[in-house]
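Chains A and B are the protein sequences, given in the same order. Here the numbering used here is used: the first residue of the first sequence is 2, the next is one more, and so on. Here the numbering used here is used: the first residue of the second sequence is 2, the next is one more, and so on.
Hints may be right or wrong, so weigh each one.
Claimed, not checked - Calculated pairs, DSSO-like style, for lysine-lysine (alpha carbon to alpha carbon, straight line, at most 27 Å):
| hint | chain 1 | residue 1 | chain 2 | residue 2 |
| --- | --- | --- | --- | --- |
| 1 | B | Lys-203 | A | Lys-240 |
| 2 | A | Lys-203 | A | Lys-242 |
| 3 | B | Lys-240 | B | Lys-203 |
| 4 | A | Lys-203 | B | Lys-240 |
Since the hints were made in silico from the structure, they are not lab data.
2 protein chains.
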Amino acid sequence: MEADFSNIHIIMVGTTHPGNIGGVARAMKNMGLSRLSLVAPEAPFPHAKARARASGAVNVLENTQIFSTLEEAIADCSLVIGSSARMRTLPWPVVDPRECASRVVNVAQESEVAIVLGRENSGLTNEELELCQLLVTIPTNPDFSSLNIAAAAQVLCYEIRLAAALDITPVDKPDSPLATSAETEGMYQHFEQALTEIEFLKPDNPGQLMRRLRRLFTRTGLERLEVNILRGIMSAAQKVKSRSE
Amino acid sequence: MEADFSNIHIIMVGTTHPGNIGGVARAMKNMGLSRLSLVAPEAPFPHAKARARASGAVNVLENTQIFSTLEEAIADCSLVIGSSARMRTLPWPVVDPRECASRVVNVAQESEVAIVLGRENSGLTNEELELCQLLVTIPTNPDFSSLNIAAAAQVLCYEIRLAAALDITPVDKPDSPLATSAETEGMYQHFEQALTEIEFLKPDNPGQLMRRLRRLFTRTGLERLEVNILRGIMSAAQKVKSRSE
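With the sequences and hints as input, model every part of the structure.
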């Protein structure tokens with residue numbers, strides 16, 4: 002089931018580049034969010050560049066609300082988190098994106114929540130930051146800390162999607178059943194036999210090399226089909242050998 | 002202390018928009034990465050749009066290497082992870098960005114590592130995917146799953162930065178150095194040659210079986226010594242074959 006992120010608002014304050022509005026809309030929709038608000042945008046809106054960068058997220062742009070102040074935009078929200086590139090002189094509680102996401106998803110189950118993104122060049126003013134209960138800071142290279150605003154939105158929304166714990170899809174599902182222990186043991190015996198016949202293994206001391214092969218194959222977890230392929234290779238080598246005699 | 006990410010390469014294959022190259026460079030530098038490679042870019046490069054989107058990450062662009070094939074770009078890499086939007090018909094091991102980052106940071110302590118980003122519209126070809134040991138998929142809204150390539154790079158590099166901040170000690174440290182991509186490719190060619198000679202592979206259709214062998218061995222991450230053992234087995238089979246003629 003797809004998560005319901007309809008209580009989560011992304012609010013862009015004083016955005017100057019129309020393309021960035023589209024970039025944020027796309028980042029949001031990629032992660033399943035849909036509610037975008039603009040506060041006093043400097044960029045013209047709507048705009049062709051916003052549509053272009055939004056790619057297929059045009060519905061997010063079409064439903065975007067516009068406010069003249071941040072106070073109005075967050076009026077219905079129970080939790081407001083401001084994005085801030087660095088610590089201000091005024092100490093304010095700061096969380097990382099993962100902690101931010103956990104709180105957002107938690108509160109959004111019952112209430113409206115907002116994440117506030119500041120101006121591309123100057124961020125949020127102190128007055129705007131004071132309207133936020135928390136600040137979120139994305140860890141960055143201290144020598145180059147300013148993310149593109151759509152990239153910042155991508156990271157924050159990605160963590161929200163993870164926090165909602167939606168996408169636990171089985172990783173690396175085998176497409177054939179895993180081999181049983183008896184099957185892999187049979188394979189090792191076949192290897193030892195065949196490799197001795199083709200004179201790769203010295204019959205007096207097969208131990209070290211067989212151990213290395215075991216280590217290699219046990220690390221990965223063999224599927225039944227793979228055991229059959231590997232035994233097929235050994236059988237082919239044995240057949241060639243018997244023809245040479 | 003700032004982490005050392007100098008062993009981590011981001012490789013963009015067949016990129017069509019010059020602005021996206023700049024966007025990826027910026028996303029990398031924000032997270033402390035610096036080594037960008039382009040494989041057969043369709044976009045003109047260098048380009049003013051790349052510089053503009055790179056913002057202050059111009060040094061990343063200036064040091065970007067250009068290759069004509071992915072094989073050349075990854076030749077020195079011991080771990081190659083391809084970015085892929087969704088599961089392909091042939092199952093290949095898939096990790097999420099967090100697991101990807103953990104493996105990248107771990108292997109990069111001693112070896113070169115690459116993350117490969119495909120074309121904006123069509124991703125990586127099956128042939129390119131087969132050069133990757135792992136695929137990484139960013140969890141997304143299933144109805145709108147295609148991230149902007151710079152946004153994808155931002156998420157992947159962000160997780161790498163987080164993973165480096167954790168204290169990761171290598172589990173199952175290899176006792177011989179990991180094989181490079183060039184070494185494992187040489188091994189597959191040797192396999193294909195030898196298995197054809199001993200008539201295990203039909204020369205008209207080696208694809209499916211070779212893919213299965215690749216899948217098996219890439220899942221585990223081969224050490225150089227293991228590549229040598231496996232090639233030794235193939236050489237022994239070839240020798241027997243030549244004696245039978």
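Tested hints:
{"no.": "1", "hint": "B/Lys-203 <-> A/Lys-240", "in the structure": "holds (16 Å)"}
{"no.": "2", "hint": "A/Lys-203 <-> A/Lys-242", "in the structure": "holds (16 Å)"}
{"no.": "3", "hint": "B/Lys-240 <-> B/Lys-203", "in the structure": "holds (19 Å)"}
{"no.": "4", "hint": "A/Lys-203 <-> B/Lys-240", "in the structure": "holds (16 Å)"}
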